[in-house]
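Residue numbers (our numbering), protein chains in the order written: chain U, 1 to 257; chain P, 1001 to 1257; chain B, 2001 to 2257; chain D, 3001 to 3257.
To be clear, the hints were calculated from the coordinates, so they are not data collected in a lab. Treat the hints loosely; a few may be bogus.
[Said to hold, decoys possible] Now the stretches of chain D that chain P is said to cover, found in silico as 3 or more residues with beta-carbon under 8 angstroms:
no.	stretch
1	3069 to 3078
2	3090 to 3100
3	3171 to 3183
Cβ coordinates follow ideal geometry from the N, Cα and C atoms, glycine included.
4 protein chains.
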Amino acid sequence: MAPDQPFWRTSISRVRPGEILVRGHDLIELIGTRSFGDVVYLLLSGELPVRGEGRMIEAALVAASEHSVVAPSVDAARFVASAGVPLQAAVAAGIIGLGDHHGGAVDAAARLLLDAAETGKPVREAAEEAAGRVKDRGGRLPGYGHPVHDPDPRAGRLLEVASELGFRGSWCRLALALEDVTESVFDRPLRMNIDGALAAILLELGLDWRLGKAFYVIARAPGFVAHVFEEQTRERPYRDVGWERVGYDGPEPRPGP
Amino acid sequence: MAPDQPFWRTSISRVRPGEILVRGHDLIELIGTRSFGDVVYLLLSGELPVRGEGRMIEAALVAASEHSVVAPSVDAARFVASAGVPLQAAVAAGIIGLGDHHGGAVDAAARLLLDAAETGKPVREAAEEAAGRVKDRGGRLPGYGHPVHDPDPRAGRLLEVASELGFRGSWCRLALALEDVTESVFDRPLRMNIDGALAAILLELGLDWRLGKAFYVIARAPGFVAHVFEEQTRERPYRDVGWERVGYDGPEPRPGP
Amino acid sequence: MAPDQPFWRTSISRVRPGEILVRGHDLIELIGTRSFGDVVYLLLSGELPVRGEGRMIEAALVAASEHSVVAPSVDAARFVASAGVPLQAAVAAGIIGLGDHHGGAVDAAARLLLDAAETGKPVREAAEEAAGRVKDRGGRLPGYGHPVHDPDPRAGRLLEVASELGFRGSWCRLALALEDVTESVFDRPLRMNIDGALAAILLELGLDWRLGKAFYVIARAPGFVAHVFEEQTRERPYRDVGWERVGYDGPEPRPGP
Amino acid sequence: MAPDQPFWRTSISRVRPGEILVRGHDLIELIGTRSFGDVVYLLLSGELPVRGEGRMIEAALVAASEHSVVAPSVDAARFVASAGVPLQAAVAAGIIGLGDHHGGAVDAAARLLLDAAETGKPVREAAEEAAGRVKDRGGRLPGYGHPVHDPDPRAGRLLEVASELGFRGSWCRLALALEDVTESVFDRPLRMNIDGALAAILLELGLDWRLGKAFYVIARAPGFVAHVFEEQTRERPYRDVGWERVGYDGPEPRPGP
Chain U
1 MAPDQPFWRT
11 SISRVRPGEI
21 LVRGHDLIEL
31 IGTRSFGDVV
41 YLLLSGELPV
51 RGEGRMIEAA
61 LVAASEHSVV
71 APSVDAARFV
81 ASAGVPLQAA
91 VAAGIIGLGD
101 HHGGAVDAAA
111 RLLLDAAETG
121 KPVREAAEEA
131 AGRVKDRGGR
141 LPGYGHPVHD
151 PDPRAGRLLE
161 VASELGFRGS
171 WCRLALALED
181 VTESVFDRPL
191 RMNIDGALAA
201 ILLELGLDWR
211 LGKAFYVIAR
221 APGFVAHVFE
231 EQTRERPYRD
241 VGWERVGYDG
251 PEPRPGP
Chain P
1001 MAPDQPFWRT
1011 SISRVRPGEI
1021 LVRGHDLIEL
1031 IGTRSFGDVV
1041 YLLLSGELPV
1051 RGEGRMIEAA
1061 LVAASEHSVV
1071 APSVDAARFV
1081 ASAGVPLQAA
1091 VAAGIIGLGD
1101 HHGGAVDAAA
1111 RLLLDAAETG
1121 KPVREAAEEA
1131 AGRVKDRGGR
1141 LPGYGHPVHD
1151 PDPRAGRLLE
1161 VASELGFRGS
1171 WCRLALALED
1181 VTESVFDRPL
1191 RMNIDGALAA
1201 ILLELGLDWR
1211 LGKAFYVIAR
1221 APGFVAHVFE
1231 EQTRERPYRD
1241 VGWERVGYDG
1251 PEPRPGP
Chain B
2001 MAPDQPFWRT
2011 SISRVRPGEI
2021 LVRGHDLIEL
2031 IGTRSFGDVV
2041 YLLLSGELPV
2051 RGEGRMIEAA
2061 LVAASEHSVV
2071 APSVDAARFV
2081 ASAGVPLQAA
2091 VAAGIIGLGD
2101 HHGGAVDAAA
2111 RLLLDAAETG
2121 KPVREAAEEA
2131 AGRVKDRGGR
2141 LPGYGHPVHD
2151 PDPRAGRLLE
2161 VASELGFRGS
2171 WCRLALALED
2181 VTESVFDRPL
2191 RMNIDGALAA
2201 ILLELGLDWR
2211 LGKAFYVIAR
2221 APGFVAHVFE
2231 EQTRERPYRD
2241 VGWERVGYDG
2251 PEPRPGP
Chain D
3001 MAPDQPFWRT
3011 SISRVRPGEI
3021 LVRGHDLIEL
3031 IGTRSFGDVV
3041 YLLLSGELPV
3051 RGEGRMIEAA
3061 LVAASEHSVV
3071 APSVDAARFV
3081 ASAGVPLQAA
3091 VAAGIIGLGD
3101 HHGGAVDAAA
3111 RLLLDAAETG
3121 KPVREAAEEA
3131 AGRVKDRGGR
3141 LPGYGHPVHD
3151 PDPRAGRLLE
3161 VASELGFRGS
3171 WCRLALALED
3181 VTESVFDRPL
3191 RMNIDGALAA
3201 ILLELGLDWR
3211 LGKAFYVIAR
3221 APGFVAHVFE
3231 EQTRERPYRD
3241 VGWERVGYDG
3251 PEPRPGP
């Protein structure tokens, strides 16, 4: 870094006395006139919505907003909250847990759709090939199948909203084609889950596939807050699983060498 | 914990095959029909909005959404991002940093308003007493004054929106009364900043003052995502401040004892 | 900050090409000649040990190193690990959880000892007053009593080691006096736990009471690593509590307003 | 999970009233008789040292313990600390930052050594091939070269200690062979850095290569504590980079669409 250069460089926003510019737009003008979804789109894409992208994002955020303590990230946030930490620190522990087996399936599903599309083949053929490659590697098809829901009602509803708002394009078709081929490729039908739907919508919105986890990071924030607050105001401090409930299968008592 | 009791208990949501119930409401029905602000309000208060609370929350989230690398939490997220970690982990580092001197001023300002109101005294008198107590303790008045902005344009705009949406009630009046008395109490005018406005709005919405940091935790999530993504896609890995730029004022080289 | 000043200033260490100076000592000379406990003491106190402080610290770190999944911080780290995140990110989730009800009891217990000592009264009288004040506030006595162990065998062993190494001074005596008065003050004997012993040792070592959590932060790091690694290499990804095991006590299904 | 099975299963430790068993060893017997390095080895490998592994680990921990604010993880921890959060939460932000471009180079370097060894070829040939593959992929050789130090004095000293303690075996030889071939493969000599030395030592100790980051996670904990404490006790709250120092290269002010 040259000594005469600023340490930080950003294209996201500019702060000066009395001014906050976000991607070229005066933040003050956005307050009360633009939805949070619009601003999410602005922050992630660099542009304000021109055809309802903010509404599509709000629907996606609502869909991903809460799934109770069935999500391991929420369990983590509540355990941490019980230990006596500030609200935002407990939320952060939950957010760390939006990992590759959690929110990360959106990235993977979006990458899968991109790879299929890049073959240039007809939709069904591209879907079969893509699913086949996943099967050959012995992996799971990201965005399809769910441990609790069959089908996942969030996926279907998200695609409906995408239709209503004009975002049910070629990425949604490809995602549905993948669903169609699962029975023949994997010998059992795998229904599109919320991550598969979010992946298709991410691409319909023109966002980078590597932003897949962003939906969960943003959407789950208020749910983490609610769980942390409930843990800290309604439950006993220091959540204890109980030593009797732990199964130990290490070495029996032994002397040191 | 009795052995026949569930390990987890929550009033926030219920997940069963094909069902996600949030505070008694079917999540599927909320997707595409309710704003994210409505769902934030539902998660935090337990009820869906009845008089525009969701729009007020969206305005608050937009106002708090981005303040560039001038916020230390964003610097933290970018340093961590540069070290090669997944998006959500770098965002989490930023969220941890929404501490008592950052998003925490909303809690403190809301607590100040509550304490003042609980005296039962006329607004101006209550404001003078509250500001006086802070001064006597040698502290800063949380929610007033800003290191960059004078005045902070977000505060004024938020109060305007509160007027438009019918949320400019007694808490806003008390917050403005506090602003009015700063010149006489602190010998210089301290203008309401975004945290002061958020505190008043938090109370107008009937939310618990301890949820003050929630606004920042939720609002900043997309900005953290944008900064982490920019750092990881546009800057060199392993952001290095440069050893020449570090001032060391510890002991000079010395032998061990 | 003046433009000609370095952005960072630290008295902890200096890095130049070929040189790493820690508190004035050449790091290279410490490698292989000094224990990790010596370096922990150097980093925290600013000085290398002169009378066995490093050995005392190592004993404290060993005592606090592991308490299985009975600690909520470990549960948090394992839930996060199961979601598919890098090792250090899952460990970080655990470390966040070393909160005021966890590692934080060391700070609180050390503060209690300091407050008692500052009265200048005889040991037993000071202990009675200090315990009485805690009881009057309706609080728990930090550092005494344990949900699983009665007594906590780590406390007794740590005091033994303190004797052996010459660190059983006035702070240990005061901590034992507090144990002695619990029966009369709280109507039941509360035995010193590991946090109480760590607090006394912290003060015997001349360290700042606000560093109480440091023992846990450092000591638990390898245990967090072991738990995260075990979770990621031996358990199924995405640890699921099972929706059947969750008790929901929120509103029953209801229509929107 | 079957309902009659414990929720948690672990081979690391067992807690019962009055008992803490770590990998089969009574924790109480380890306090004051075993070094922290011994216990780190026990936690990570499952066994107590039999030939000085704990001393080798302590040397490695001391070597990796501190590198000032030149490490981005430390900058992150200090920014977060300045925002007013508990000590352990700020440390956690730093630990998140021990990512793939930071502590993660140890994993990558260990993997490189394993891949080279698995070819079964003579050392120099295996080293040339391994370095060549890295070069062909356009990558950096993990564990070699350093932005500040040339050579990194920690690497040489660690290998010396490995000799003294009997851990300078075939993995160290292979690591040195890699250093030797860098000049011919990359057209400039790349000296082994601390990560390369830690990788070799990790394998000499028989530990899993995926534990590479563990050295940094454990070793840096006290340094993070020291930096967080210094930031919170010596510097002004809310570390501010200064808006004048930020370079904005996004769109100029523009109206909304």
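Now for the hints, and whether the structure bears them out:
1. 3069 to 3078: holds (count 7)
2. 3090 to 3100: holds (count 8)
3. 3171 to 3183: violated (count 0)
In the structure shown, a violation is registered for the earlier hint numbered 3 alone.
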